[in-house]
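Visitor: Protein chains in written order, with this note's numbering: chain H, 11 to 228; chain V, 11 to 228; chain A, 11 to 228; chain X, 11 to 228.
Just so you know, these hints were derived from the structure itself, not from any lab.
Every value quoted in this text rests on a predicted model; they were computed, and no experiment measured them.
There may be inaccurate statements among the hints.
What the hints assert, rightly or not - Calculated from the model, a selection of chain X residues having no Cβ within reach of chain H, i.e. all distances over 10 Å:
hint : residue
1    : 26
2    : 35
3    : 39
4    : 44
5    : 88
6    : 92
7    : 150
8    : 157
9    : 161
10   : 181
11   : 186
12   : 188
13   : 198
14   : 201
15   : 202
16   : 213
Said to hold, decoys possible - Just the calculated beta-carbon pair ranges, DEER-fashion:
hint : chain 1 : residue 1 : chain 2 : residue 2 : range
17   : H       : 183       : V       : 187       : 41 to 51 Å
18   : X       : 63        : H       : 63        : 23 to 33 Å
19   : H       : 205       : V       : 170       : 35 to 45 Å
20   : X       : 63        : V       : 172       : 53 to 63 Å
21   : V       : 181       : X       : 213       : 28 to 38 Å
22   : H       : 187       : V       : 172       : 44 to 54 Å
All residues carry an ideal CB built from backbone N, CA and C; glycine is no exception.
Chain residues, written in single-letter form:
Number of protein chains: 4
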Amino acid sequence: MDEKKETSRVEAFSDGVFAIAITLLILDVTSAFSDASKLKLFELLCQQWTVLLAFLLSFATIGIMWLNHHRLFALIVRVDHTLLVLNILLLLAATVVPFPTALLGRYGADMVNGVDVKNNGTNFWLATILYNGVFLFVAIVYNLLWRYATHKRRLLSRDVDMEAVKRIDRQYLLGPLFYAIAFILAFFNSQLSLAVNILLAIFFLLPGIALSTSQKPA
Amino acid sequence: MDEKKETSRVEAFSDGVFAIAITLLILDVTSAFSDASKLKLFELLCQQWTVLLAFLLSFATIGIMWLNHHRLFALIVRVDHTLLVLNILLLLAATVVPFPTALLGRYGADMVNGVDVKNNGTNFWLATILYNGVFLFVAIVYNLLWRYATHKRRLLSRDVDMEAVKRIDRQYLLGPLFYAIAFILAFFNSQLSLAVNILLAIFFLLPGIALSTSQKPA
Amino acid sequence: MDEKKETSRVEAFSDGVFAIAITLLILDVTSAFSDASKLKLFELLCQQWTVLLAFLLSFATIGIMWLNHHRLFALIVRVDHTLLVLNILLLLAATVVPFPTALLGRYGADMVNGVDVKNNGTNFWLATILYNGVFLFVAIVYNLLWRYATHKRRLLSRDVDMEAVKRIDRQYLLGPLFYAIAFILAFFNSQLSLAVNILLAIFFLLPGIALSTSQKPA
Amino acid sequence: MDEKKETSRVEAFSDGVFAIAITLLILDVTSAFSDASKLKLFELLCQQWTVLLAFLLSFATIGIMWLNHHRLFALIVRVDHTLLVLNILLLLAATVVPFPTALLGRYGADMVNGVDVKNNGTNFWLATILYNGVFLFVAIVYNLLWRYATHKRRLLSRDVDMEAVKRIDRQYLLGPLFYAIAFILAFFNSQLSLAVNILLAIFFLLPGIALSTSQKPA
């Protein structure tokens, strides 16, 4: 129990950053609906649904980031400077998410509504690449953090459940692979890469697929 | 005590999200008063009182959400993936609240001040429906989370106070019912449905009606 | 120790709200400086110093609110529904602070710079009254919360330091009195009432005057 | 363990403020990209890279502030009123960071893009001085807090690792010196002083140089 306490402030600080990043996402939705206040609300909802979709997707993704953080730090019980810096890199990614989300929602709305046709293709395309780039970065940093912490059980509890560690090891090979595919897809087909993002979010949230730290597989 | 610890990070993350969502509400008040900065402040206060009322109502409602979270997680001591995902759904609802609140305040002010009469009826009407929809969603997800956690005492402490569990069981039948009534009312009479919302907020905040987790009924 | 734990989530949620309210204050400073971006930065600093002063004063006041919360909840160890609702009222006040702060900074700048002379007298006057009104509300709610918690030692630890309780009792008679004076002054002389606010903030922050919970008087 | 608990709320409140300040930084990036929405996104990225650089530098610096807070409060176990007030001063600095960051990014972009040449020299120059001034203030307050807490071991644990205390003592002589140099440089050469800031951020984040609280030097 005493061993455990070392990570409690890292968890508290990280919880704070995740909580704020996930909550700030709504600000861009509110402002997207205030910019065009001359329209009827119903028409606005029809035009700005990409903003709402980007909000939901980013909310789900930051939620999944938190779930992963929760899982890893149930097993990691010690900290050192390198782990703290890797954790700050993770938080950087979480913090950045509202930015490409805003770009995606806005340029997505422009494209759907045929505004500024000449530019829009490229704007939406570039926004999708940035968006996927952030998620690929997240997946890579989570892997670095996990490999660093588990290397020779460096920062794990002495009585850690090695089953759980190996399960995460296997799953963490797939994350970066999936997000790399979505990232590469973004260069060729923005819609398809976003569809992959949505599928990944649903996949990681569905019970029974990703396993919680407190449940052994049945 | 050791059993308890499993929920501590869920509580910390949820506290963060509730705290931010409840605090972000003021941003829309500040911006409603800066948009129209040519007017005298006194006139502004007379015109934008709907923004202040929407702020107070949403503040009370997120406060009540937190009170409920506090009550449930005093009894829930274990977590699994499904509970975490249901909790993220709850936090989604809390996070979203500032958006329909902003719409309600703004379109309410438009209506009160007779601005843009042609559209306003529908804008305010739709904003009220969205606003009530979010609260109905909250009430339903709280029920799902509670039923899931208590089913066969799945995530409860072994020595849980079954009196307290049953009391919440009974009360949680009423919440969705009340909010469903307010939601349906919103389609027919916006003002009336908001009045029901205000009454519900006062009802849930009044001491002696809702019972705290630490007090047995007298 | 077990007795203590009951307040930990109230403290965590309150810490979150105080932390966010105190940090959001800077947003209005940033936006005050972006609205008038055609000017030289140096001229802006000369014109908008009231925004910076209002920021500092509100920062100090929310800081003092947190210090008081910290002091009271070092002695309060149990919670009930009434205490939670009184605490939510406190957080409402903390959350609201950025709004009158923004009004005060903005209308203060208008007045200092002689913009819109006809209205400004009243705008700044009304903003100062609102600002002081929030602080008076805070002082009153802190008293209600403290009297409620200590009445017949209702929510105190069994082995509470009654010296510390009585010291707070005495000090808490003065708080509402001082803020009531500042509030009444605000109707007659805005500058003077703000000067009282600044003095009160310095007074409560100075070491040796307000006594921390962990230090006995020398 | 009981001795330890006294600082837990200070840490929680501070974690909240650091988390919010570090997350709010992205808001200015998002708004810098929404102001000029007529441009292609690619061109915007080329013009506003100073906003992104200022964001990254401030993110790293607040991250380092948190790392330092984490290190000091691993050794500080008691609190008194003076420590709490010094800590509030630290949080003031963390809270303020988004403001000079916004100025630096914006005026930096103006300068890079040759907008408003006549003013820009001075605007960017003054923004850099303010930016460095905040960091110098941080370094000084951290020193005051540390010297106050360690003076006659006032607020340290009885069984504190004096090796760790002396290591921090030595390192904390250098911090203010480095930031004073960057501050003075800012009056003569803005770019050079920012380069020093970037080097300091990298230096403090690199593993093996700054030592974590949990690792003895090898």
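Visitor: Could you tell me which of the numbered hints above are not met by this structure, giving the numbers in increasing order?
Guide: 1, 2, 3, 4, 21
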